[in-house]
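Per the numbering used here, numbering through the sequence shown is continuous, rising by one, with the last residue being 601.
Derived from the structure by calculation, the hints contain no laboratory data.
Worth double-checking, as some hints may not be accurate.
Stated by the list, open to error - The calculated lysine-lysine pairs, modelled on DSS-like cross-linking and capped at a C-alpha distance of 27 Å, are:
#, residue 1, residue 2
1, Lys263, Lys319
2, Lys530, Lys580
3, Lys205, Lys254
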Amino acid sequence: MKKRGEILLSREKGTIFKPWGNRLKVALVYPNTYNVGICNLGFQTIYERLNSLDYVVCERVFLPDANISVSSLESARPLQDFDVLAFSISFEQDYLNILKTLELARIPFLSSHRGGNNPLLIAGGAAIFLNPEPIADFFDAFVIGEGEDVISELFGIIRTCKWGHTDRLELKKELSSIEGVYIPAFYNITYCPDNRIDKVIPLYNAPEKVKKRRVEDINKYPIHSVITTPYSEFRNTELIEVSRGCGKGCRFCAAGFIYLPPRERSKEVIMDSVIKGIDKTGKVGLVGAAVSEYSGLKDVCRQVIDIGGEATLSSLRLDVIDKECLLLLKGSGYKTITLAPEAGSDRLRDVINKCISDEEIFNAASLISEAGMNKVKLYFMIGLPTESDYDIEAIVLLVKKIRGIIKKGEITLKVNPFIPKPWTPFQWSPYAGIGVLQKRLKIVKRGLAIIKGIRVNFLSPREGYAQTYLSMGDRRLRDTLITAHYKGWREAFRKAEPLPDFFVNREKRFEEVLPWDFIDHGIKKRYLWDEYQRALKDITTPPCNVGRCTRCGVCLMM
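Make a model of the complete structure from these sequences and hints.
See the structure below:
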């Protein structure tokens with residue numbers, strides 16, 4: 044592992060090295076491989092913020108490529124040598140990698156089995172402020188929300204308690220007083236005979252609701268790559284977050300709700316980051332939930348062209364594409380257009396509140412073809428609420444028409460099963476079912492098989508089932524995860540209590556206590572339910588009017 048680590052470090056720019064001395068020793072863990080984790084902006088931001096504290100030394104840890112001992116990248120120290128293991132968790136699919144990391148480090152899985160000689164385990168990231176409950180018993184504390192301005196408060200208390208030799212229970216009590224910090228052991232959960240949650244009972248004066256941390260002025264924290272490397276999925280690219288959140292209200296999109304309200308960075312802050320990024324690597328990647336709607340996008344692209352750099356975007360929204368935008372993107376080196384119609388029919392796009400018509404899609408395709416940008420990716424979901432085979436056949440017809448407009452180059456479809464997510468209007472919706480999804484996937488693949496220049500990639504419906512289980516589950520998933528780690532999902536599902544279908548294939552009721560209801564995002568539960576009912580009636584909802592409306596409740600907290 045050390046030799047591999049030395050190779051990775053030798054190609055990095057921006058690595059932070061600090062002497063250990065008497066500092067608080069924090070291992071920042073990304074539970075996946077290096078090339079995946081290193082391009083996560085949240086992970087890199089916390090790495091920089093932790094090392095900006097003089098009393099902290101923070102080193103990174105990634106899942107090793109083989110079943111060998113796991114150690115920090117910067118100094119190759121074992122995880123047991125650290126005071127804190129801070130996990131950055133963006134995706135539920137990485138939950139088993141948490142257990143793999145702990146096993147390789149010879150650290151007990153359960154918080155209740157760890158003592159003062161073991162590191163404190165903390166986790167944050169998007170998956171955590173959606174629903175941390177499936178992994179609640181593995182961690183001592185969670186940070187719910189955006190992490191930039193909670194770091195000094197959180198680790199200041201940990202340092203004080205460590206140097207004061209405070210026992211772990213008292214430390215957890217201190218941490219529980221911080222807004223946005225959730226101590227799972229301080230909540231008892233009781234269940235009804237039908238397996239639904241009955242009550243959530245706080246202990247030790249823990250808050251009934253854990254209020255999500257939110258950065259009000261994101262200009263305070265310019266977010267960009269701290270480290271660049273050729274061993275990343277975004278090879279030698281300086282990633283820059285231009286905005287956070289999205290006000291369009293797509294009903295399937297968790298990021299569109301948990302990052303409300305939508306916030307933009309000023310053009311001056313972004314321009315400064317772009318100039319520095321181009322100087323460092325020659326290429327920048329603009330990211331955000333609604334990056335193509337950033338008000339300064341065209342000016343940023345002009346700046347990139349003027350200084351001879353390249354730029355990429357995470358995706359383009361179909362209804363904001365115009366000729367000038369495409370020419371600027373092409374001039375700045377943008378090569379692959381990524382679009383997300385999500386559904387094949389106008390009706391189903393209304394259901395999910397993706398308010399884009401077939402006509403707008405074909406108009407965008409014409410502009411892309413005229414601009415000579417012939418490498419296109421299209422994202423679709425199958426298994427959406429109210430979906431029928433007709434809506435699946437509509438995907439085939441839509442793609443055929445797009446192929447008729449963009450005659451050259453390759454069109455790649457990414458077709459994923461719809462996975463219900465917490466904190467969206469579809470959190471009450473069931474998974475469509477493996478058999479239904481396999482049938483509908485065949486319709487897409489058969490319908491497009493004879494069309495030249497079209498590739499179809501897809502996520503297995505069985506994988507989608509497992510993801511839904513992890514997304515919608517509660518802390519009773521603990522033993523299932525441990526079994527899956529040792530024996531695989533088939534055996535784990537066979538032994539699971541409650542049965543996985545309870546979480547995956549069941550439509551939930553409004554009055555039901557959901558596992559994540561203890562989190563306070565500022566979003567009214569009734570608002571999400573009303574949006575679900577509107578979806579079932581094919582009724583759309585207009586975008587956010589930030590600061591001027593009170594529909595969802597978030598702006599009332601500002």
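Evaluated hints:
no.	hint	in the structure
1	Lys263 to Lys319	holds (17 Å)
2	Lys530 to Lys580	violated (43 Å)
3	Lys205 to Lys254	holds (26 Å)
Against the hints set out earlier in the document, a violation occurs for number 2 only.
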